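First residue of the sequence shown? That's 584 in the working numbering, and the numbers climb one at a time after it.
I should point out that these hints are in silico values taken from the structure, not numbers from a laboratory.
Computed from a prediction, not measured in an experiment: that's the story for all the values here.
Just so you know, not all the hints are guaranteed correct.
[What the hints assert, rightly or not] Simulated restraints, written as ranges between beta carbons of each label pair:
1) Thr596 / Lys643: 19 to 25 angstroms
2) Ile645 / Gly606: 21 to 27 angstroms
3) Gly617 / Gln587: 26 to 32 angstroms
4) Asp603 / Lys644: 27 to 33 angstroms
5) Thr630 / Thr597: 31 to 37 angstroms
Using N, Cα and C, we set each Cβ at its ideal position, and we do this for glycine too.
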Amino acid sequence: ANAQVSIILPNKTTINTTTDSKGMLIQSLTLPAGKNKINVTYIGSKTYSNTSKSHTIDVKKIT
584 ANAQVSIILP
594 NKTTINTTTD
604 SKGMLIQSLT
614 LPAGKNKINV
624 TYIGSKTYSN
634 TSKSHTIDVK
644 KIT
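Let the sequences and hints guide you as you build the complete structure.
Listed below in structure tokens is the structure:
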């Protein structure tokens with residue numbers, strides 16, 4: 584809960600945000616059509632280790 588998380592977008596923009604009281608995070612993103620790799624990083628705490636994950640989001644263009 585209330586953990587600091589960084590999201591790095593394909594254009595190298597970094598979004599620093601915080602999880603809610605249940606440790607969940609919802610973040611709206613504006614990404615171009617195509618495959619977009621994002622990196623999500625949690626710096627850790629006294630209780631939990633740091634972690635980093637990469638995710639690919641495939642955005643489809645509506646025609």
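Now the hints, each set against the structure:
Separation of Thr596 from Lys643 is about 22 angstroms and conforms to the stated range, judged on CB atoms against 19 to 25 angstroms. Our hint of 21 to 27 angstroms for Ile645 and Gly606 is violated, since their Cβ atoms are close to 33 angstroms apart. Checked against the hint of 26 to 32 angstroms, the pair Gly617 and Gln587 passes, with Cβ atoms roughly 29 angstroms apart. Between Asp603 and Lys644 the Cβ separation comes to about 32 angstroms, which falls inside the hinted range of 27 to 33 angstroms.
Between Thr630 and Thr597 the C-beta distance comes to about 24 angstroms, which lies outside the given range of 31 to 37 angstroms.
Hint check: violations occur at hints 2, 5; the rest are consistent with the structure.
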